[in-house]
Amino acid sequence: MSESPETADPEEVRHVAQLARVGLADDEVDQFTRQFADILEYFETLDEVPEVDREADLANVMRPDVERDSLESEEALRNAADTEDGYFKGPNVS
Amino acid sequence: MTENLFITEETIEGDDDGPLAGQTVAVKDNISTEGVRTTCGSEMLSEYVPPYDATVVSRLKEAGATIVGKANMDEFGMGTTTETSAFGPTENPAAPGYVPGGSSGGSAAAVAAGEADLALGSDTGGSIRCPAAFCGVVGIKPTYGLVSRYGLVAYGNSLEQIGPFADSVEDAAALLDVIAGEDERDATTQEPPHDSGTRAAEHSSYADAATGDVDGLSIGVPTELLEGADEGVVETFWDTIGDLEDRGATYHEVSLPSVEHAVEAYYVIAMSEASSNLARFDGVRYGNSGGYDGNWNEAFSKAREEGFGDEVKRRILLGTYALSAGYHDKYYKKAQDARAWVKQDFDEALEEADVLASPTMPVPPFELGEGLEDPLQMYLADANTVPVNLADLPAISVPAGETDGLPVGLQLVGPAFGEKQLIEAASALA
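Keeping their order, the protein sequence lines are chains X and D.
Following the numbering used here, the residues of the first sequence are numbered contiguously, the last one being 94.
Following the numbering used here, the residues of the second sequence are numbered contiguously, the last one being 1430.
Okay, chain X solo, but in the shape it has when bound (with noise of 0.2 Å):
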């Protein structure tokens, strides 16, 4: 068991923010830490879960690879906001 809940701080929320590509205004950060600390307290009860024997019985199920129709590029295109060519048009990489 750790030693104190961990706490997020308005620094910890705007760098998950930017791993997860989701802008935030400043009131949200401000919102989302208070509401992190309960909620991150409350998930430290995990700690508390015995490690348990996960018995998967799986076996893998495979197909030969075939051939089928797929999405014209057409409609696969339909609902971008922009195109070019047949491709789909995104921002700029850098």
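One or more hints might be untrue.
Computed, partial: chain X to chain D, Cβ under 10 Å [said to hold, decoys possible]:
| # | residue |
| --- | --- |
| 1 | Q18 |
| 2 | L24 |
| 3 | K89 |
These are computed hints drawn from the structure, not numbers from a lab.
Ideal Cβ positions, reconstructed from N, Cα and C, are used throughout, including at glycine.
Got chain X; can you put chain D on it based on the hints?
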């Protein structure tokens, strides 16, 4: 209609004949409908029009059903009240001024209001059973793998199943007959094994199992799922057990110590899966675009800041945190241990009982606007439903009566692929 049941009202006609000919169905708005927008209750997908049908939608059409609209829901299925929808809350037709439950609140409410004969919802941690209980209708969460998830927009894919709502157990079972069964487009589906050892196994369909026969039925009552529940809910629950006893069922108390950790295990797993599943919404192939200014990290962050509501952001961030370096073993691995423990506990209890019974929700419906400010309190309301998803088992919520004029649901949980047994028992009540 004033309850805000549907995000999109549109009639989709099915085939002329079939077992559901003449029946109207509301479909939760996270289930893909070809040519009809599917928003998941989110601004992110407010203009998204799927190019294909979910398998369950194809099966509805082939069965002759008429789809009447895409039902309101908590954004991406994340909520217990349908108030996190970007399209506004739905009001409970069975209890005006109260929430319909969630996340499939629009589906349950459409049936309760008589705007659809039947409905489809999805259940990741209680999202069918909670609104069924709050709206006074029947809802079934099938065994993991019984119903195809192809075309269901994923949130917690190891936990969720599509399932039916109806006014009666028999009607819900008839809809389950239509949607259940293997699908080559969802590798986790399977034909239900022939469960010859269980009650009701000999019935040729789910609907045929709705006989209401509970003579000799053995009911286990997990004491942990009554602790801390609302007094009026507990009273209604025991009245219903007494009713079943009068018709030949017996009950005994059982203990499931693992369920004390089910809510935290569920939220760690569901949020972790959500953080991964919702990574696809970058605004390039579909969804709210973040534009073309700056680099792709900036554009994606903008698309997601604008497109997602608070609860979705909360869960993506907490899931990202739980999976991040240094925390994975502490949260995600422990949650998987808890999941295996819950599974063992349920399997053992179901060796000594045909079904396990509890109140579906430990509380009556919340008033509209009551709980949005405190997410943790809202998560704790899922205490009785999330263990079933962790254990991959089937469960049904059936109306059990009222407390102070508000609907109360009884939850019955059965062994894997034991839906017929649940349907037989629950049909004694509705």
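For each hint, the structure was consulted:
1. Q18: Holds, because the Cβ-Cβ distance from X:Q18 to chain D comes to roughly 8 Å (cut-off 10 Å).
2. L24: holds (7 Å)
3. K89: Interface hint status for X:K89: holds (8 Å vs cutoff 10 Å).
No hint from the list above goes unmet by this structure.
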